[in-house]
Amino acid sequence: MDVAVHGVGTSHFGRQPDRDLVALAWDAVREAFADAAVSAVDAVWVGTVFGPPGVAQRVLRAMGITGIPVVTVENACASGTTAFAEAHEAVRTGRYGRVLALGLEQLSTAFDGAIHPEPTDPEGRAGLALPALYAMAAARYLHLGTATPEQLAAVSVKNHAHALHNDRAQYSGRYTVEEVLASRMIADPLTLLQCCPTSDGAAAAVLGPAARDARHVTVRGVAMRSGQPWDHRSPHVWGHDIVRDTAADALAAAGLAAATDVDVAEVHDAFTIGEIVTTEALGLVPAGEGGKAATEGVTALGGAHPVNPSGGLLSRGHPLGATGLAQLAEIVWQLRGEAGARQVDRARLGLVETMGGGVSGLDGNACVITVLEAP
Amino acid sequence: MSDVTTADPRPLVRVRDGAARVAGCRCRACGEPVAFVWPRCPVCRAETAAASFGPHGTVWSATVVRVPVPGRTAPYGLAYVDLDDGPRVLARVKGDADAPLPIGSRVTLLESAEERDVQVEVL
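So the protein sequences, as listed, match chains R and X. The first sequence: position 325 = 325 (the numbering used here), numbered continuously. The second sequence: position 97 = 1097 (the numbering used here), numbered continuously.
If you're looking for bench data, these hints aren't it; they were derived computationally from the structure. A quick note: this is a predicted structure, and the numbers were derived from the prediction, not measured. Please note that the accuracy of each hint is not assured.
To be clear about the criterion: a stretch of chain X counts as covered by chain R if any three or more of its residues have a C-beta under 8 Å from a C-beta of chain R, and this derived list gives those stretches [as the list claims (entries may be wrong)]: (1) 1058 to 1069; (2) 1073 to 1081.
Just a sample of chain X residues kept apart from chain R, beta carbon distances all over 12 Å, derived [stated by the list, open to error]: (3) Arg-1016; (4) Gly-1018; (5) Ala-1019; (6) Pro-1039; (7) Glu-1047; (8) Ala-1050; (9) Ala-1051; (10) Gly-1086; (11) Gly-1095; (12) Ile-1103; (13) Glu-1111.
Just so it is clear, CB atoms sit at the ideal spot from N, CA and C, and this is done for glycine as well.
With the rest of the complex left out, here is chain X (with noise of 0.2 Å):
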């Protein structure tokens, strides 16, 4: 997306303790987990504190996107993950995008992610 000049939106994966992490925050009140650094909670509206989550986590749902999208080439697969005790991140799939990841796969994010991407394989 080159011409694309603003911040980058998507979560950022970080290594912390030898293992990809999205550095995100949590909720100080309900204990919502939120993929992003944001000033308050979604929910509740309550302050937050930075919080990572992962590495691990369960795919809610997945596809293969098979039409064209700028800057990518298809096919690619996405996949929900709900991260453990973490949030739900949209996930790029690695590898060949022949068939969605079954549902309740147990994935791992990657580090250093193509694109910025989260990105994550089957454990």
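Only chain R is shown next, with the shape it has when bound in the complex (with noise of 0.2 Å):
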């Protein structure tokens, strides 16, 4: 069965630590209900990474939505897209008729600061912050003369313009190359401004059948995939290969040749080296060239392959298990022409990119790309 999806909503993404988890869900929830014109899902997949046990009934009941089935998964920062991928699944085989996508995260209130480094795994009982495992991918960069700092720089500077068109953006702005170079060190050579925010907030996706309707975008092909060993005779940094992959699955599903069919991308800019290997594994630009992309605008709003309109994880902001429905979001905003300022000309394909790690010696907890179609 053919899948679509019929309506999406998110909550505002920022840090909100006045506000609950009940709040935020319910802002997304709420909207994506309206925007698919349904009162009722079948079942419920929830996508978030530290939300406490319990947090999807708790937050679910309180708009009415009990004694459904409902599903909580994790896969890090791809707990959302997750989400996504299984509700997917569920419709396409019909196993449910309607099922609802969501995912939450308040990091505002679970950590004071930065995410911790998980004390159960041997990196980050051994201090390696999220910044330092992709610093690691960076230096690597540099050192190789793959990228240089101004390429860096210049993904952030795309993406915080791009977010001065979102409302519901975290952060903006007009900065230039040396503003974000000059931004405080937080782990070499990444800057402050090339690392993505501590946030809080909720985005929903409501998923059924395709049908013929001016507002269902079709879902042309899904994929996740987890992490193999990446080790010492990895040929390319932390997380190439698993998105190389991952697209390869997506692309074929989606009966696509290559990634550079589609008109628009959200993907997993976490930090700015993130979006410059994952434009290059995905195969939107050559080899090596992901830097060069980001400073010659091709990559832009405008540019040939426009990546993170919304302003992505950078400037969007990135609350962890929100964060791959928020990105459906703004692809499906896209595909249905709604995206305002930032709209991308003539969107009739798009794709998202979500990517999470966390587990030493593996090259991700998990990554999941998906195709989607305008009505």
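These two chains come separately, so use the hints to put the complex back together.
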């Protein structure tokens, strides 16, 4: 059965410690239900990383969603799109008719500052905060001459500028490359403006059978993989190969020859180097040209392959479990022509890529890639 | 990390034949070196045998962490080190963390690492 996204919704993204997860989730679900013109679903998949036990049922009961199957999934930063992938499969196979995928996260109250490295993981225990994991990839790119510091910064400049047109974004601004490079060093060579912020938020999508409907965005293909060993034998930096392989699966499912066939993409730019590696791994740009693409405007709004028109994780914010569905909502709006001043002209095909990490020695906990088509 | 009561997950560094080495295992089938004692090879699922690696290696990449991390005093240097004929390990860099260790640096494992971190210094 062909599956479509019938409606999407999100909360605002940002530090919102005075709001609770019920309020954030309600913002997203209310909008998604109204967008889909539905008042009920048959099952719910929820993605969250640091949400406490029972958080899914706790927020859903407050909006009258009770007595149906509710499943919570965790795949680090890819939790939201993992929930989406499972919801999609449930509709595709006919297990349920209409399914809600919900992502939620409140990091401002979970941590005093940045996310703590996981102490039960060997590298987490050794102090490898997430910026440091990406910094290792960035340092490698700089060492090999695959990217320059200015190219890294260009990703931040671009995505902060995109977010100027997104009133749900946590941050936006017109920065220069020099300002990005001069911001406080977090983990060499990544500076503050090259790192996603601490965010709270929720995002939701209602999925159901594809029908003739001017607002239904068709799911052309979904793929998910968890990482294989990443070690001394790996030819690429962390996270490259899992994105490449998952993209191949998703593009095959969608019947596309290459990622360059899509008109717009939201990808996992938790750190600037992430967007550079990902655009290369997806095949949106040739190997080694991710940084050049950011500098030359290839991946900017108006460029040949616009990436992260929402502002991405860097600017829209990164509430882990909500992020994948926030990316998905952006692509749905783009494909319906509802993205306002950040609209990509005549976008017919869109791609969402989310990458979750945190288990040392693996090339990612999970990567989820979805290809969507305009009504 | 006094609030953590689980077993320490970091690789174990032991002195053998007068040098600090990571006590791990190697796959009996494909030869994959692993910095931990695991029952099966993460690459091919074959059985493993105890093996130790080091003391020398090459820096694959490195950074300096300059943000607060619980139980640590920033800044501190970290490096991914490819041990000679061994696995890639994340190591704490001994000494001042003014700048990341240059990629390609030759390093050696140190014994009795601080907080049981795998620790290295430049040869």
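Open item on the list: Verify this label for me: Arg-1016(X) is non-interface relative to chain R, using a Cβ-Cβ cutoff of 12 Å.
Closed with: Check passes; 20 Å lies beyond 12 Å.
Task: 12 Å cut-off, C-beta based - Gly-1086(X) kept clear of every residue in chain R - done: violated, 8 Å
- [ ] Report holds if the minimum CB distance from Pro-1039(X) to chain R is greater than 12 Å, and violated otherwise.
- [x] holds, 15 Å
Task: Consistency of the no-contact label for Ile-1103(X), given chain R and a CB cut of 12 Å - done: For Ile-1103(X), whose nearest Cβ neighbour in chain R is about 4 Å away, the distance does not exceed 12 Å, so it is violated.
Task: Least C-beta distance from Gly-1018(X) to chain R larger than 12 Å - done: holds, 25 Å
Open item on the list: If we take the beta carbon of Ala-1051(X), is the closest beta carbon in chain R still more than 12 Å away?
Closed with: Given a closest Cβ separation of 14 Å, the condition holds.
Task: No chain R beta carbon within 12 Å of Glu-1047(X)'s - done: holds, 16 Å
Task: Verdict on Gly-1095(X) as a residue remote from chain R, using beta-carbon distances over 12 Å - done: The claim stands: Gly-1095(X) keeps its Cβ more than 12 Å from every Cβ of chain R (closest is about 15 Å).
Open item on the list: Can you confirm whether chain R covers the region 1058 to 1069 of chain X, using C-beta to C-beta distances below 8 Å and requiring at least three such residues?
Closed with: It holds, with 10 qualifying residues against the three required.
Open item on the list: Using Cβ atoms and 12 Å as the threshold, tell me whether Glu-1111(X) really stays out of contact range of chain R.
Closed with: holds, 16 Å
- [ ] Decide, holds or violated, for the assertion that all CB atoms of chain R are farther than 12 Å from the CB of Ala-1050(X).
- [x] With a cut-off of 12 Å, Ala-1050(X) remains clear of chain R, as the shortest Cβ separation is near 18 Å.
Task: Assertion that Ala-1019(X) lies outside the chain R interface [Cβ separation over 12 Å] - done: holds, 20 Å
Checked against the numbered hints above, the structure violates hints 10 and 12; every other hint is satisfied.
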